[in-house]
Structure formats: structure tokens, C-alpha cells
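Visitor: Here's the letter readout for the chains.
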Amino acid sequence: MLGALVVVPLVAAPFAQLQPPGTEIFVPAYAASAFLVETLTAALLFAIFSIDRSRSLLALAAGYLFSGLLVIPWALTFPGVFSALGSDANLQVTSVIAAMRRLGFPLFVLAYALIRDREPSYYRNRKSIGSFIAGQIIVVAAATTGLASIALLLAEYLPVFMLDERDVAPLWHYVPAAAVALYLAGLASIWLRRRSVLDLWLMVVLGTLLIEILLISYLGRATRLSVGWWMGRLLGLVSASVVLLVLLSETMVLQTRLARSIRSERLARESRLTAMEALSASIAHEINQPLGSMVTNASAGLRWLDNDVPRVDEARSALRRVVRDGHRARDVIDGIRNLFRKDSRERAPIDLNRIIGSVMRRSEEETRFGRISLEADLEGPLPVIVNAVQMEQVVSNLVANSVDAVSSVTDRPRVVRVASRRQDGDVVVMVEDTGPGIAPDIRHRIFDPFFSTKPEGMGMGLMFSRSIIENHGGRLWMSDNRPHGAIFHLTLPYHAPSDTTDTEPDR
Amino acid sequence: MVFVVDDDFYTREAIEDLLRSVGHEVRSYGSVDDFLRDHPVDLPACLVLDVRLPDISGLEFQRLQGSLGIRLPIVFMTGHGDIPMSVAAMKAGAIEFLTKPFRDQDLLDAVHAGIAIDRRRRADEAALAAVRERYASLTPREQETMALVVSGLMNKQIAAALGLSEMTVKVHRAQVMRKMNVTSLPELVRISDSLNIPTEKA
Numbered sequence: 216m217l218g219a220l221v222v223v224p225l226v227a228a229p230f231a232q233l234q235p236p237g238t239e240i241f242v243p244a245y246a247a248s249a250f251l252v253e254t255l256t257a258a259l260l261f262a263i264f265s266i267d268r269s270r271s272l273l274a275l276a277a278g279y280l281f282s283g284l285l286v287i288p289w290a291l292t293f294p295g296v297f298s299a300l301g302s303d304a305n306l307q308v309t310s311v312i313a314a315m316r317r318l319g320f321p322l323f324v325l326a327y328a329l330i331r332d333r334e335p336s337y338y339r340n341r342k343s344i345g346s347f348i349a350g351q352i353i354v355v356a357a358a359t360t361g362l363a364s365i366a367l368l369l370a371e372y373l374p375v376f377m378l379d380e381r382d383v384a385p386l387w388h389y390v391p392a393a394a395v396a397l398y399l400a401g402l403a404s405i406w407l408r409r410r411s412v413l414d415l416w417l418m419v420v421l422g423t424l425l426i427e428i429l430l431i432s433y434l435g436r437a438t439r440l441s442v443g444w445w446m447g448r449l450l451g452l453v454s455a456s457v458v459l460l461v462l463l464s465e466t467m468v469l470q471t472r473l474a475r476s477i478r479s480e481r482l483a484r485e486s487r488l489t490a491m492e493a494l495s496a497s498i499a500h501e502i503n504q505p506l507g508s509m510v511t512n513a514s515a516g517l518r519w520l521d522n523d524v525p526r527v528d529e530a531r532s533a534l535r536r537v538v539r540d541g542h543r544a545r546d547v548i549d550g551i552r553n554l555f556r557k558d559s560r561e562r563a564p565i566d567l568n569r570i571i572g573s574v575m576r577r578s579e580e581e582t583r584f585g586r587i588s589l590e591a592d593l594e595g596p597l598p599v600i601v602n603a604v605q606m607e608q609v610v611s612n613l614v615a616n617s618v619d620a621v622s623s624v625t626d627r628p629r630v631v632r633v634a635s636r637r638q639d640g641d642v643v644v645m646v647e648d649t650g651p652g653i654a655p656d657i658r659h660r661i662f663d664p665f666f667s668t669k670p671e672g673m674g675m676g677l678m679f680s681r682s683i684i685e686n687h688g689g690r691l692w693m694s695d696n697r698p699h700g701a702i703f704h705l706t707l708p709y710h711a712p713s714d715t716t717d718t719e720p721d722r
Numbered sequence: 518m519v520f521v522v523d524d525d526f527y528t529r530e531a532i533e534d535l536l537r538s539v540g541h542e543v544r545s546y547g548s549v550d551d552f553l554r555d556h557p558v559d560l561p562a563c564l565v566l567d568v569r570l571p572d573i574s575g576l577e578f579q580r581l582q583g584s585l586g587i588r589l590p591i592v593f594m595t596g597h598g599d600i601p602m603s604v605a606a607m608k609a610g611a612i613e614f615l616t617k618p619f620r621d622q623d624l625l626d627a628v629h630a631g632i633a634i635d636r637r638r639r640a641d642e643a644a645l646a647a648v649r650e651r652y653a654s655l656t657p658r659e660q661e662t663m664a665l666v667v668s669g670l671m672n673k674q675i676a677a678a679l680g681l682s683e684m685t686v687k688v689h690r691a692q693v694m695r696k697m698n699v700t701s702l703p704e705l706v707r708i709s710d711s712l713n714i715p716t717e718k719a
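Going down the list, the sequences are from chains A and B.
My numbering puts the first residue of the first sequence at 216, with every later residue one more than the last.
My numbering puts the first residue of the second sequence at 518, with every later residue one more than the last.
Some hints here could point you the wrong way.
Which stretches of chain A does chain B cover? Using the computed rule of at least three CB atoms under 8 Å from a CB of chain B, they are [said to hold, decoys possible]: (1) 500-506; (2) 522-533; (3) 536-548; (4) 620-628.
Just so you know, the hints here were simulated from the structure itself, not pulled from any lab data.
Idealized CB from N, CA, C, for every residue including glycine.
Using the sequences and the accompanying hints, generate a full structural model.
Guide: Structure (C-alpha cells):
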């Protein structure tokens, strides 16, 4: 394309001033194509505007419409073309209209390049974008008709651009010079703003228009229907068509993208629904578990008392387990509520080791029965500013995962080790286990919602843990433990006790 | 003896205590693997098994246990049982399929039934083993004679078939009745049925 822009003028140069006879009949054909290409381009630009609502695009669309509509009076008044129809107007009218086109279009392009797009909501608030565009089209059409009528009606007062039907008057030479200046200004301003493919192609258009006007006005000595004149016009037409094609393909891309986003939105909604079902099933299960053992423990207690010799000690320990199960059920519900609560933002300074300690104490019973050794290697104090409830959930989730992981181990010690220390400006916690580890092919999914390796896992723990840690400005990730198992690492910003006051309020 | 396999520590503990409260001896495990490592116990027993377990699920274990030489009656428990699952389990010979939280009496009834079945099975097996032992104590001639006797042949016919005198056959026959610890012909026939001895048709 760019090559052609350079080559065509060079090839055309020697013949530029030749005037092959009888080429008037091509003028209507040229005018029709120019009209079609430019109005179609305008239509497409309006269509894009209706989607992305950019004011600058609106200016460009108006410019194309303006230029396309002015082709009609230009062709109708062209000397010798439609004389049979009796539309021969004043000699100056055609050139005046040509001047309007030449100078008008680059003004619109300049407007396109210089208008800063307002908030999209400005147009979104309007009731109907369709009627808004229709209004714009009517305004542009009225303006072009008005300009053409003025040229026709006030022909006597028009500046003298033409000496005869083919040759221009000295005054005309100001027009291409002004046009060249405007094109250069347009090129420069688009070069500066260059944002889209459209901008790139607009530069090509302005470039061809520039070459067109150079061909027509200088190489062709502005002589109508000379080889240079025709060359320039055809070149302009070709480049305008290319822009039209580019716009068409851009619109198609836009349409497919739109269709795709609608489809993915629908998919997302569906998967949200199944996610809700899965979530409610998981919650039901999580609550059912302590409920079940509560009922069983209570029944056992009754039976101990119903024995011939009532076993009060056994009944008491059964009742104690009922109480514990009740608390467990409440913990589950609290946990779920906390996970979904929006304002879980109350944070307070606390020593992270205290949270770790209380989690480990609570896990002791289970690990003791599972012959799991639970080791702590805590260096402290580790002052952090966190939501203690959430942080406890994270730590207990990580510990519970590790305990589950080592439970299946039979050929080596079952060890869960929690280590904490201060590292640079961070507090680092590591939960290590000697379990089977996490296979590389599922490693990237363990933080996904509803992904679980456990038969009855909710698949929410790690996802929530990570989002909680990230909300606290920390990170959560995993690595391999040597020779077996996994290590989950957690970092949180270290808060020296003195700077607690200024960080607290904004959280 | 009752074995409880459930991956939830608290559920395990509760069930174990419930069963102990009515006098059962209980052992509980977190996984099928743990159970298998500990299992061989020579007592009438019953297995209370969670459907969903890490590694090997309860239903899988039910399918596998024959090949492992285990024939324990199984009582299944599940958090959320669906009908196809319970039908499959029952068809494969489960005693009961309980949905948590279940009534304690349901579990106890199922466990009692399971243990009764296991006891009967063990008694049957013991009896059969005794019969086999007795049968093995017969001489080859006596075994031949027994096969023909239970086929319904007269002493004379047996003597002809084996090329012995009728008197000898009578002696063999008396020995068979004594060694097999039976007093009547129908009794001998029933025992030989349980032994699956090939009988010869006259």
C-alpha cells in the first residue's frame, strides 16, 4: 500500500499533464464510487460509535458523511458531465464545492484527533443512541445541502477559481496549499495520538489524500481530466476503499468479540449456579458431620446411663463430646459466615504466634489419635495487623490439610511441622508435612474454587485462605517438601508495635 | 467385635463409644488401609464402613474384600446416600445402608444382625471344616464306598461295582457311618452334599 503511494506518482509524473479526450464520462462513475465508499465508511463509523461511544469517532463519521454527500453536487455541477440534464451551473460552483470538500474533511479529521473522549456515561445516559446518530446524520446532511445551495445560489459572488472548464485561476492555488497544510496538521495530530488500527489507516488516508492533491494540483497543474488528475482521484478512491475494508473487518472482530463475551457471560452465570449447588451441598455436609457425631454421642450417653449399673463417667465423657460437637458445628457455621461476610475488615495488632499456638492446641487431640507428630518451631514475637478470626481459619485450614495429607502415610513418620519467623519486612509461616505431596499436574489448580483432592472436600479452603492472605497484603503459595510432602508458605507484612496506629484506620 | 472405618475422627469416636455402651468390643480406623493392617481377628465381627473414604472407598472395599479373603458383614454409613448407591451396596450383600445422622437403634440393630450372620457363617465354616477332616480320615476304599452309598446303590450293587464281597462292603459302610459321625443314610447324604463329593449314578 505504502509502496504504491510512492510508486504511482513517480510513474504518473511524465504523463501527468496529458489530457486524454472524452474522459468526462468516467466522472459520474468515479463520483458514484467515491460517494458509496465514503458514505459506507461513515455508516460503519457510526455503527462503531454506537458501541464504543467515542466522540472523536463521531467527528470522523460526520467528516466521511460530509465528504461523501458533497460528492453529489460536485459531480452534478461538473462541466460537461450532466449538461444533458440541464444542470449546467455557474463555472465556479464545482470548484467551490471541491474546495469545501478538500478543506472540510481534514478539519473533521483534526477534530477526530484532537477531541478528548469524554466519560462514556455521557452518551450512555441518552435514551437511544440510534436517534442520536440519526440526529447527527440529519445535521451533517443539512449542512452539506446548505453549503451546496449557497454555492449554487450565490454563484455570482463566488471567488474566481476557474478560468475555463478545465483550467484554474491563480486564486485556486491557495486551496491545495491550504489543504496540504491541513493534511499535514491532521497527520501530525494523529501521529501523536496513535492508539488504534483505525488511526494507522487514517494516516494512510491522509497520506494518499496528500499525494492525490499533489498529483492533481501540482503534477497535473490542476488541469481537470488530465492523467495526473485522474491518477490522484483513483489513488484516493483505492485508499478509501482499503480503509473501508479495514473498518469492515474491525467491525466484524468487534461483533465476534461481543458475541463471545455474551456467551462467556452466560456460561459464567451457569457455572455460578452449579457452583452454588455444589457449595450448598458442601455446607450441608460440613454441618451434617458434627451433627451426626453429636446425635451418636448423645445416644451413647443415654445408653451408658441405661445400663444395669449406670456408667456415669462414660456418660459424662459422651456429653462432653456432645458439647464439643456443638461447638464444632457452630465453628463451621461461623467459618462459612466469615468467609462470605463483606465487612470482615476489623483488624487488630496481634502476635501471629498466638494464633498459630491456639490452632495447634486444637488440632492436638486429632493428631494424637492419628499417631501424627505435630511440631512447632515458632520464633517470635511476630506482630501483625490482621483479622484474628480469618487468620485462624487460614492457619487451621493449612494445618488440617497437612494432617489429612499425612494420615494416608504408612511407610514413614507422620509429621506436620509449623514454623514461623521474621524475614526482612515480612512475617513468614511455613506449614510442612511428610504426606504424599501435590502432583505437578494439579498444582496449578489447588487454589481454584471447588478443586479438592479429598473425597468430601469442599474445595474452598485454599481459595479462601489465599484471598484472605492477599487481602492482608501477604502471599500464600506451596512448594515441595524434601523428600516427601508439601510446604505451604504464607507471608504477611511485619508491623512493628509502634506503627500500628497509623495503619489501622484505613483498613 | 465391631470394626469401624470412618475418616472423620469425631464420628469414629462417637460410633465407637455408642457401640461400647452396649457392650461391643470396638476397633476403629481412619482408612481401609489401616484396617487391613490390623484386621485378622478370630471372632464373630461386623464392619461399620463409611462410603466415602480416602484412597479406597467403602463400596470399593466391599467389592475387593472377597479377593482379600475377608467375608465380614458390612454396615454402610454415608453423609448423603443416594438410592443407586445404596441399592448397589445392598445387592452386594451389605447388612444395612445408614444415612448420617442415623438413629442409634438402627446402627445397633444392623450391627447385631451383622454379628449374628458372621457367627452363623463362622459356625457353618467350622462345621464344614470338621466334616472335611472326617472325610479325609476315610481310606480310599471307604471313600469309594461312601460315594456309591449316597448315590443310592444297594450293598450288593456296590460289591459288584467295586469287585468286593458284600460282606466287605458292609464293613466299609459301617466304618464310613462311624467315622463320619452319622447314624442314618439321609444324614450321610446331606453331609456328602456339603462336601461336594462327586457321586456316581447307578
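Visitor: Failing hints, ascending?
Guide: none
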